[in-house]
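J.: Whenever a hint applies, use it, and build me the whole structure from the sequences.
If you count the sequence shown from 1, position 72 lands on 72 in UniProt numbering, and the numbers rise without skipping.
A hint or two may mislead.
As the list claims (entries may be wrong) - For lysine-lysine, the following DSBU-like pairs were computed, each having C-alpha atoms within a straight-line distance of at most 30 Å:
id, residue 1, residue 2
1, Lys90, Lys267
2, Lys267, Lys137
3, Lys4, Lys137
4, Lys90, Lys137
5, Lys137, Lys174
6, Lys174, Lys4
7, Lys4, Lys90
8, Lys267, Lys4
9, Lys267, Lys174
10, Lys90, Lys174
Unchecked claim - Simulated restraints on C-beta separations:
id, residue 1, residue 2, range
11, Ala112, Asp5, 38 to 46 Å
12, Ala288, Arg50, 22 to 30 Å
13, Gln58, Asn187, 36 to 44 Å
In short, the hints are calculated from the structure, not lab data.
Where a beta carbon is used, it is the ideal one built from N, C-alpha and C, also for glycine.
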Amino acid sequence: MALKDFAGKIAVITGGGTGMGRELALALASEGCSVAMCDVSAANMAETERLCRAAAPQGTMVHCTRADVAIEAEMNAWADEVRSAFDTDKIHLLVNNAGIAGGGSFVVGDRAAWELTFNICFYGVIHGVRAFLPLLKNADAGHIVNTSSINGFWATLGPQRPHTAYSAAKFAVKGFTEALINDLAINAPHITCSVVMPGHIGTEIAGNSMRIQGAVEKELNFILETQGIDPATLSEDQIIELANADFRDNAPMSSAEAARVILEGVKAGQWRILVGADATALDQAVRANPEQAYTQGFMDALQADGHFLTI
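T.: Rendered as C-alpha cells:
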C-alpha cells in the first residue's frame, strides 16, 4: 500500500542536518508532514529545523534529536523521544538516510575508519528499522526508505579507487531491503519498503565524512591538489569546506532534485528508486556487461557518454 500523500503524516529521517536528509525534511514539512530528524551535528539540524518551520503549514511539527545511528541505544532512546514529543505510538514514514564515506581500502587502509563507515552506513539502517518498526506497525500504512547507492551494485569509485567499506555497506543495505520487502509482505503487509540508489548527488558527504572520521583523508586531499591547492596551507575547516564545495557543486543532480525523485518514487509505490541519470546509466551498463564492470574500459565508456567525469 503506497503512501500517496504525506499531509498529516509523521516522518522520521536520519541524517537530517544536510544534503538529501535536509531536503527530504524540507519537502515533507512543506506538504504538511510532521518531521522528526536526527543527526550528529546539532548546528546543522538547527538550520534544517529553521527552514522546515518556515516552509511548513501551521500545525506541522518539527522535532530534532542528536543521535548517532551506529549506536543502537541512542536510536532506541530517540524512538522513545519521538513517541513522547508527538504524543503518539505511530509513524508513517521512516527514511534511513544517514551515511558517511571513508575506509576506502580493506587491504592497506585504517581499520577504525573502515568499521566506522560500515557501522554508520549499514548498522545505522538496521538500528533505524528495529527502533521504529513498532511505530510503523501501529500505523494504518507505513513505508521504509533505505538509502543504498550506486555503490550498492558497483563496488568502486573507478578502477584505481578502492571504496570497500562504503560499497560493502551499501550492497548490504540493498540486500537487506530486498529481503525486508518480502518479510514485510508476509508479516506486516501494510508496511512497504524502498531501496534508494543515488548517483553523484550534490551533498556535503565529502567534508562531513572527513570531520566525522576525525582526520583529513588523503583521498580528499587529492581533490585539492588537482585544483592546485596545497592542503598544508589551509586549516582543516577550510579543507573540509573546499572538499564539500567540490563534491556538491560538481554533481549533476542537486539534493533537492534527489529528494523530489525519492518522494515521487515512494508515492508511486516503487521499491527500487534510481536517482540521477548517472545511476540509471551505470545500472544498465553493469547489467549489460558485468564481467567488465571493474575495468578501465568500462569506466572510459561511461565517461565517453558524459557520466562520472569528475572521478
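J.: With reference to the structure, classify each hint as holding or not holding.
T.: Checked hints:
1. Lys90 to Lys267: It holds: about 19 Å lies between the C-alpha atoms, which stays within 30 Å.
2. Lys267 to Lys137: 19 Å, holds
3. Lys4 to Lys137: 18 Å, holds
4. Lys90 to Lys137: The hint holds at about 7 Å.
5. Lys137 to Lys174: This hinted pair holds, its Cα atoms lying about 22 Å apart.
6. Lys174 to Lys4: 24 Å, holds
7. Lys4 to Lys90: 18 Å, holds
8. Lys267 to Lys4: The given pair, whose Cα atoms are some 5 Å apart, holds under the 30 Å limit.
9. Lys267 to Lys174: 20 Å, holds
10. Lys90 to Lys174: Since the Cα atoms of Lys90 and Lys174 sit roughly 25 Å apart, the hinted pair holds (cutoff 30 Å).
11. Ala112 to Asp5: 38 to 46 Å: Since the Cβ atoms of Ala112 and Asp5 sit about 44 Å apart, the hinted range of 38 to 46 Å holds.
12. Ala288 to Arg50: 22 to 30 Å: For Ala288 and Arg50 the Cβ distance comes to about 46 Å; the hint is violated.
13. Gln58 to Asn187: 36 to 44 Å: 38 Å, holds
When each numbered hint is compared with the structure, a violation occurs for hint 12 only.
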